[in-house]
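Top line first, the protein sequences correspond to chains D and S. Each residue of the first sequence is one higher than the one before, counting from 39 in my numbering. Each residue of the second sequence is one higher than the one before, counting from 39 in my numbering.
Just so you know, not all the hints are guaranteed correct.
Stated by the list, open to error - Label pairs and their in silico Cβ distance ranges:
{"hint": "1", "chain 1": "S", "residue 1": "L622", "chain 2": "D", "residue 2": "Q105", "range": "55 to 61 Å"}
{"hint": "2", "chain 1": "D", "residue 1": "W104", "chain 2": "S", "residue 2": "R396", "range": "36 to 42 Å"}
{"hint": "3", "chain 1": "D", "residue 1": "Q105", "chain 2": "S", "residue 2": "D621", "range": "56 to 62 Å"}
Unchecked claim - Think about it this way: if two alpha-carbon atoms lie no more than 16 Å apart in a straight line, the pair counts; the simulated EDC-like pairs of lysine to aspartate or glutamate are:
{"hint": "4", "chain 1": "D", "residue 1": "K226", "chain 2": "S", "residue 2": "D62"}
{"hint": "5", "chain 1": "D", "residue 1": "K369", "chain 2": "S", "residue 2": "D160"}
{"hint": "6", "chain 1": "S", "residue 1": "K383", "chain 2": "D", "residue 2": "E235"}
{"hint": "7", "chain 1": "S", "residue 1": "K369", "chain 2": "D", "residue 2": "D160"}
{"hint": "8", "chain 1": "S", "residue 1": "K369", "chain 2": "S", "residue 2": "D348"}
{"hint": "9", "chain 1": "S", "residue 1": "K149", "chain 2": "D", "residue 2": "D145"}
{"hint": "10", "chain 1": "D", "residue 1": "K369", "chain 2": "S", "residue 2": "E166"}
{"hint": "11", "chain 1": "S", "residue 1": "K406", "chain 2": "S", "residue 2": "D348"}
{"hint": "12", "chain 1": "S", "residue 1": "K369", "chain 2": "D", "residue 2": "E379"}
{"hint": "13", "chain 1": "S", "residue 1": "K226", "chain 2": "S", "residue 2": "D443"}
{"hint": "14", "chain 1": "S", "residue 1": "K383", "chain 2": "D", "residue 2": "D88"}
{"hint": "15", "chain 1": "D", "residue 1": "K406", "chain 2": "D", "residue 2": "D372"}
{"hint": "16", "chain 1": "D", "residue 1": "K383", "chain 2": "S", "residue 2": "D348"}
{"hint": "17", "chain 1": "S", "residue 1": "K481", "chain 2": "S", "residue 2": "D608"}
{"hint": "18", "chain 1": "D", "residue 1": "K125", "chain 2": "D", "residue 2": "E55"}
{"hint": "19", "chain 1": "D", "residue 1": "K383", "chain 2": "S", "residue 2": "D160"}
{"hint": "20", "chain 1": "D", "residue 1": "K384", "chain 2": "S", "residue 2": "D348"}
Calculated directly from the structure, the hints in this document are not laboratory data. Virtual Cβ for every residue (Gly too), placed ideally from N, Cα, C.
Each chain, written out:
There are 2 protein chains.
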Amino acid sequence: MKEILQPADGQRRVVIERVSPEIDCGRFPIKRVVGEAVVVEADVFADGHDQVTCQVLYSRGGDKEWQSSPMTPLGNDRWRGAFSVAKAGRYEYTIEGWIDRFQTWRDGLAKRIAAGQNVHVDLLIGAELIEAAAARATGEDAGRLRQWARRIREEKDIQTATSLALEEELFRAVRRYPERQSAARCEKPLAVVVDREKASFSTWYEVFPRSCSPEAGRHGTFRDCEAWLPYVASMGFDVVYLPPVHPVGRALRKGKNNSVVTEPDDVGSPWAIGSEEGGHTSVHSELGTLEDFRHFVSQATEHGLEVALDIAFQCTPDHPYVKQHPEWFRKRPDGTIQYAENPPKKYHDIYPLDFESRDWWALWNELKRVFQFWIDQGVRIFRVDNPHTKAFSFWEWVIAGIKKDHGDVLFLAEAFTRPHVMYRLAKLGFSQSYTYFTWRNTKQELTDYFTELTQTEVGEYFRPNLWPNTPDILSEFLQIGGRPAFMIRLILAATFGASYGIYGPAFELCENMPLQAGSEEYLNSEKYELKHRDLHFEWSLTDLISRINRIRKENPALQRNRNLRFHYIDNPMLICYSKTTDDLSNAIVAIVNLDPFQRQTGWVHLDLAALGLTADRAFQVHDLLGEGRYMWQGSRNYVELTPESLPAHILRIGRAP
Amino acid sequence: MKEILQPADGQRRVVIERVSPEIDCGRFPIKRVVGEAVVVEADVFADGHDQVTCQVLYSRGGDKEWQSSPMTPLGNDRWRGAFSVAKAGRYEYTIEGWIDRFQTWRDGLAKRIAAGQNVHVDLLIGAELIEAAAARATGEDAGRLRQWARRIREEKDIQTATSLALEEELFRAVRRYPERQSAARCEKPLAVVVDREKASFSTWYEVFPRSCSPEAGRHGTFRDCEAWLPYVASMGFDVVYLPPVHPVGRALRKGKNNSVVTEPDDVGSPWAIGSEEGGHTSVHSELGTLEDFRHFVSQATEHGLEVALDIAFQCTPDHPYVKQHPEWFRKRPDGTIQYAENPPKKYHDIYPLDFESRDWWALWNELKRVFQFWIDQGVRIFRVDNPHTKAFSFWEWVIAGIKKDHGDVLFLAEAFTRPHVMYRLAKLGFSQSYTYFTWRNTKQELTDYFTELTQTEVGEYFRPNLWPNTPDILSEFLQIGGRPAFMIRLILAATFGASYGIYGPAFELCENMPLQAGSEEYLNSEKYELKHRDLHFEWSLTDLISRINRIRKENPALQRNRNLRFHYIDNPMLICYSKTTDDLSNAIVAIVNLDPFQRQTGWVHLDLAALGLTADRAFQVHDLLGEGRYMWQGSRNYVELTPESLPAHILRIGRAP
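Bound-form chain D, shown alone (with noise of 0.2 Å):
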């Protein structure tokens, strides 16, 4: 309860409630990429029955004015408002309403005269208000607002001097200086954090370099890894992402498909970082040097691609911390090291790092040190393991910390667990996030999924970055469902989002042994040891995928997310979306059989007015899959889609003549 004192504001009358977006009453910002817009709403009223008018305010990080944009009602005392984010960094925006005197006296004027009364004193009236404008109005406008106030005033005749009142021009010239002294606003501004495009709209291939050499059996380098380049760009992608480049730890090191037994020549997992060779600065020797790295990420940066690399941030009993800092780790009473667990597993090969040690600021800033480490040698998006493992604040601050130096820097939040914290990590500042989707398989799941992703508040924030498999996850879809499962799930992740990705080979070469019936663990997983593939393979994807990720490249409605609508289709294993770009310019229609195995035929429903079309019309649709062109008219229009050839279309809506 306020204070009952008295209050400055006693005069200010206009009352701000329910804006929109507003994340967790503003203690989050929003999301956006440059050159996206900002839709802001609010319930915006005064007591009385004053008119009022409101505006959104908005400014980016450092300038010290506001820019403002004009909002319009939309009925019920809500109105809505939008402005533009035209480069990246964190801009605040809020909103202003004020009573509208003057706009209240015009159409209070209009009704006296359409009720025949004596409107003499009411001129007058609003004769002060157009002096008062004149005060606050700057340059010509001055001059002219006073001059149109004298001459209401002097006109003798009734009828002309209501006429000039009623000017359009007057009524513009008025709005331009509104009386803002009693204005109110937002108890606080609103933030939106502003990424470069890529933190939209990327596409991401997932390669071990330890399994790119050209000789069967022998550790691959980052020199070999180079060598690949010019495949993963040719099928599109724009970034590609390592797991961890770090000294693989010896003790208690995994063997082949995660076995306590190891062979001599076994290689470990990647995500069991640190040896004597070093931890979480220092590359694997047998990836090469930093020297290398910096070269490869130099290499991928000539072929148009972008360096992921995998924080994870754990550490093997071998790692120069346990060490050098054995306050960082967890006592047992027996005296060793707490190992990870989830009871009854334990992973006796790991150590997680306390973020409860008493000495936290020194882990937390040793950790921040690590991402800047990379940063220097040009790294710009990071892939970070488990993050909902580690504290929340510990990731406020260091994406903060991180970013306010480094505005361009991208996090990719590898986290599957409970909804709520996978929000969370979003709405702390991870650019990106892995989401359900790989377990998301049938019409309704992928419909509710993706409406609360793209059409609730979530869409703000989280960012999903889609991912038909990963080294930890073969799903069931994809074990059962043979090349035509990795093709519908491939344009699904490519269609539904702005960013997806695969773990290649494996995705392209559509392998999909598990380990064991009922697991989602590869077979002889890469994660325990190196792969030696034939890239040219027959069966390969990589023409659908280049496909793919040329129609996304040429079609922005692609490369966002929140423009996401279903449409009906009147088969339970056909699914029908659509995504378009604001002005409507660009408008891909997307029809997935979902069914792996059999022909699957239905009458679609299009929202003709959310494409921008109209029943009296025909258009044409382009499949830029199948390259086949057709004429449809109207909402209702058949289709037939055959898995093993190719299951979807991917419709582009012709524009009508």
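We have chain D; now place chain S onto it with these hints.
Chain S in isolation, oriented as in the chain D frame:
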């Protein structure tokens, strides 16, 4: 964004989100009456896999210590807890959550044992946790916990030791001393304003004292009105509400039926306040003296009635303020004072107070003095006329200021305006509010509106007071539906609303002649003339009103609003709804025929679980209106209602023996 500084709470791992109830990010308090519960929910979770525990903390204004109430998990990281507000005043509440190390350890131990693992070190970890709890414990618990830890440490037999460690009693003892030093709390506590019972449950009778004279044509007085008190009390009302009792303006006084032409004996409108006799702190001499008014208040108290006074902050041209404080009124350019208007309508007899006056602070204080003056005369309830045409910030300030010294004062907002404005006034502190009930007649309209008022956040701060009629509103339904329409609207008001009122005796005498077709004004409205009525009219609704008000008093379920539930009934002219106490010991089902002309029949489908019933046992329903008793079984039951005799059942559900 938080500043990029060393955060003080680096070790705090628990997050609390989406607390409910929370009005506008905690800007406004919720409302309760003495004895009610506050049910609090929130998403509470932490990073990683540790279990969290949380509790509601609450305290009454002035108390230094928080009291606590446990929360239980609802799934998906949502938790719920509750506390009761035993006294009037202001309470605060917040949520505290922490990592529950002992429970995390205990569940892990059980899993390890089930997996047949060696738990020797785990038992030592548990002993440490128990010792830590002992260090926090008080009284006997400290020693008992220490002993428990020692026994677990020293026990050689692992099976015995684990049994000891898993004992329920130990678990409960440790939980009494949680490790709260790293506990998280919501950013700021939320508030509850707790009023006396009448804020929620009240039954109002509006009467014009000047029409209480036993002789036709003579101006009634407070003394005359005293003679009516037994009549009002006998019908079961507990608030007698008087229109303004101040001197009525002479200048531009309105005649009968709001005529601008006045006869010498016209009495004017009580809402045209102020004359040479005085203003808002004076009593109209024709009603009596201030002493007479105080006598009236004391007599009402004798009859179990509280007096609600109408406060209408507006002035006639004769009001003393006009001369004493010309700065509180707006001037027109021709030097006259701005009268009230809603273009093209003009109300020359009313001068609105200018809340944008430069002298607003003096104006606010004077208006507060008006409330204080009437409080000093014994008034504790104010019905505020048109609060939506005065500044919002004034209401927040004046209500808080008055309630600080007089916590028992209640304010009813007479605002019939746009939804957000009505809700805002309630948030600002009004104890009760007029509603749109008067114009909600169909089943759909009633269902939608009362769902909004009782089942959404609105129910946390907006307490409806339902009026079938007022001196300003004779609804079309009453005009056309005759006596059955009055019965229907009475029953709906008295059962939907814990608070309701009627404007009498116009209501019980079923007066229903409008000024003209399409108007909601009464013909020969009491607002502009004296009335002389025969209270012994044969068709008067006094018996029905008495019966309904007795039912309301005897059934606590009808004394609350947020316990409303609708039940399906297969006839659109019949509506069925229930109210129950929290413990289901009192359950009322109302079934009302909304058609004032025709007998209607239908099958009701009760939500048995909501009423504490099961399908397998018959139950008695006792019609408290018609006195019939029926045995019903299961959800589906037949009803038949004839409007001219009794258009409703008010059924009390009998408990199974």
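Verification of the supplied hints:
no. : hint                          : result
1   : S:L622 <-> D:Q105: 55 to 61 Å : holds, 58 Å
2   : D:W104 <-> S:R396: 36 to 42 Å : violated, 27 Å
3   : D:Q105 <-> S:D621: 56 to 62 Å : holds, 58 Å
4   : D:K226 <-> S:D62              : holds, 13 Å
5   : D:K369 <-> S:D160             : holds, 12 Å
6   : S:K383 <-> D:E235             : violated, 56 Å
7   : S:K369 <-> D:D160             : holds, 12 Å
8   : S:K369 <-> S:D348             : violated, 27 Å
9   : S:K149 <-> D:D145             : violated, 74 Å
10  : D:K369 <-> S:E166             : holds, 12 Å
11  : S:K406 <-> S:D348             : holds, 14 Å
12  : S:K369 <-> D:E379             : violated, 78 Å
13  : S:K226 <-> S:D443             : violated, 25 Å
14  : S:K383 <-> D:D88              : holds, 15 Å
15  : D:K406 <-> D:D372             : violated, 32 Å
16  : D:K383 <-> S:D348             : violated, 72 Å
17  : S:K481 <-> S:D608             : holds, 11 Å
18  : D:K125 <-> D:E55              : violated, 29 Å
19  : D:K383 <-> S:D160             : holds, 14 Å
20  : D:K384 <-> S:D348             : violated, 73 Å
The structure fails to meet hints 2, 6, 8, 9, 12, 13, 15, 16, 18, 20 from the earlier list, while all remaining hints are met.
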